[in-house]
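Put together the whole structure using the sequences plus the hints.
So the sequence lines, in the order shown, correspond to chains A and B.
The numbers in this note's numbering rise by one with no breaks, and the one at position 87 of the first sequence is 87.
The numbers in this note's numbering rise by one with no breaks, and the one at position 181 of the second sequence is 181.
Hint data in this document are derived by calculation from the structure and do not stem from the laboratory.
Because the structure is a prediction, the values reported are computed rather than measured.
We put the CB at the ideal spot given by N, CA and C, even for glycine.
Don't take every hint at face value.
Estimated spans, in silico, between C-beta atoms of each pair [as the list claims (entries may be wrong)]: (1) A:P165 <-> B:G31: 29 to 37 angstroms; (2) B:T289 <-> A:N26: 54 to 62 angstroms; (3) B:I209 <-> A:K117: 23 to 31 angstroms; (4) A:E10 <-> B:E251: 19 to 27 angstroms; (5) B:E98 <-> A:Y164: 25 to 33 angstroms; (6) A:H21 <-> B:N258: 49 to 57 angstroms; (7) B:G31 <-> A:Q130: 36 to 44 angstroms; (8) A:E10 <-> B:R139: 47 to 55 angstroms; (9) A:N134 <-> B:K72: 28 to 36 angstroms; (10) B:S275 <-> A:N77: 53 to 61 angstroms.
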Amino acid sequence: MAAKSYDNPELNKKLADQRYHISQSNPQFTKDVIKTSRTIANMCYQCGTCTGSCPSAPRSTYRIRLFMRRNVLGLENEALTDPDLWLCTTCYSCTDRCPRDIAPTDVIMAMRNLAFKKDIVPRNFLQTVQLIYNSGHGVPNNDVNRAARKRLGLTADPPTTHMYPEYIKGIQKILDHFGLKENADRIIKGE
Amino acid sequence: MHEYAFFLGCIAPNRYPGCEASSIKTSEKVGIKLLPLEGASCCPAPGAFGSIDLTVWYAMAARNLVLAEQMKKDIALICNGCYKSIWEVNHILKHNDELRSQVNEVLKEIDMEYKGTIDVFHLAELYYDPKICGIQKIRDSVTTPMTGAKVACHYGCHLMKPQKDRHFGDTENPMWFEELVAAVGAEPVQYRNKMQCCGAGGGVRGYDIVHALDITNEKLINISEVGADAITELCPFCQLQFDRGQIEIKEKFGDVYNIPVLHFNELLGLAQGMSPQDLALDLHAVDCTPFLQKVL
Ligand code: SF4
Ligand code: SF4
Chain A
1 MAAKSYDNPE LNKKLADQRY HISQSNPQFT KDVIKTSRTI ANMCYQCGTC
51 TGSCPSAPRS TYRIRLFMRR NVLGLENEAL TDPDLWLCTT CYSCTDRCPR
101 DIAPTDVIMA MRNLAFKKDI VPRNFLQTVQ LIYNSGHGVP NNDVNRAARK
151 RLGLTADPPT THMYPEYIKG IQKILDHFGL KENADRIIKG E
Chain B
1 MHEYAFFLGC IAPNRYPGCE ASSIKTSEKV GIKLLPLEGA SCCPAPGAFG
51 SIDLTVWYAM AARNLVLAEQ MKKDIALICN GCYKSIWEVN HILKHNDELR
101 SQVNEVLKEI DMEYKGTIDV FHLAELYYDP KICGIQKIRD SVTTPMTGAK
151 VACHYGCHLM KPQKDRHFGD TENPMWFEEL VAAVGAEPVQ YRNKMQCCGA
201 GGGVRGYDIV HALDITNEKL INISEVGADA ITELCPFCQL QFDRGQIEIK
251 EKFGDVYNIP VLHFNELLGL AQGMSPQDLA LDLHAVDCTP FLQKVL
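Take a look at the structure:
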């Protein structure tokens with residue numbers, strides 16, 4: 001009998017049944033995911049409610065249930081190198097509906113954190129770090145907006161790090177403590 | 001007057017200053033005073049930043065919380081993304097000693113200490129709360145009711161979800177936002193899959209804009225189906241995704257909706273007699289004129 005198939009060959013390949021071997025599994029990965037996500041990710045019984053709730057699933061090969069499985073099986077490499085890892089909008093629909101009371105969203109966040117430790121991270125995430133390091137804001141002010149703010153009777157710059165740049169040093173100290181900016185610069189440069 | 005430290009975030013002050021201006025003015029009319037939280041930064045963005053390193057996300061959000069602790073004021077804010085960072089990190093640090101001492105070790109380097117002495121609120125929940133403001137007070141503050149306008153409510157994700165950690169109740173079909181919208185005289189309309197995400201979160205807007213817009217497009221189809229004159233939301237990032245997103249959707253998919261997108265505070269501002277100029281509605285990507293003609 002023919003296996004279940006989709007029109008999209010990419011999807012077909014991705015969702016086809018596969019064999020895994022013990023050698024592919026890293027049990028420490030499961031533990032790390034559980035620690036960082038602070039959710040009982042190993043309790044997943046693969047019901048698929050998460051994927052059924054997911055706005056990203058119908059328009060991509062991203063399947064949250066698959067990532068939940070990879071976690072249980074310790075398939076670190078499969079999970080962290082799959083570009084779909086970055087298609088979760090963190091909408092928490094799956095989390096609200098999971099009958100096992102797991103937070104699949106936080107599993108994804110934990111896997112992204114672990115991917116970053118291996119320098120796997122899309123560029124736009126790193127740019128946010130750089131912007132915050134330099135200005136305190138992920139979305140900084142600009143001239144058009146400054147003019148509009150003045151028209152509204154607001155200060156040209158909001159009373160944040162924009163108006164009080166002396167606070168930026170503290171932010172840089174926090175980020176430097178973790179070497180985050182350095183890492184971001186290094187990864188972007190190495191591309 | 002109930003006083004709060006006003007946490008601005010990024011998108012409201014730096015892209016839609018009308019959200020900021022209207023929040024300050026509308027809240028004052030219902031007995032809430034928003035004080036500037038000097039030196040605050042990005043919350044930081046829960047998706048883009050939290051995806052990289054949650055430990056740093058905790059520490060950075062904690063710095064913002066400490067600024068408010070030093071003012072001895074609870075925080076009020078107007079963005080779901082900020083709520084996720086500021087409310088949730090406050091909640092986590094209050095209940096998790098291990099993370100809290102980790103965070104405080106870092107904060108010590110900048111002479112700060114997180115103490116867990118304040119609470120965090122979305123301005124909309126303060127509006128809804130009868131102990132602070134309540135629907136009746138909102139209704140009484142209206143001078144220009146938004147009569148005849150059908151308005152679709154977009155709750156967004158990070159205010160109410162995950163339900164078990166929050167205190168907003170049902171996340172499948174809540175109705176409290178509709179009550180607020182009805183209080184300004186508009187007609188809230190129901191549409192398919194109301195609680196679906198706008199598509200922008202989790203860094204997806206930056207990572208794969210077409211994917212993000214495709215999610216937005218689905219919501220716009222559902223919203224246009226019921227003939228909404230405007231979308232209102234509680235999050236400037238959702239606002240950006242629906243507002244600029246409509247221009248991008250037109251370019252990328254050829255679908256045209258022209259549905260104005262207003263933050264609830266902008267809508268309330270109009271209803272309290274603020275002019276479109278007071279709200280800088282000209283900065284919105286989708287022209288708000290048809291909606292304004294209907295209600296003003
Ligand atoms: S909904 Fe929960 S139990 Fe079901 S597959 Fe998803 S994570 Fe596993
Ligand atoms: S949080 Fe992520 S995985 Fe869960 S439903 Fe939303 S987009 Fe899908």
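For this session: Check each numbered hint against the structure and report the violated ones by number, ascending.
Result: none
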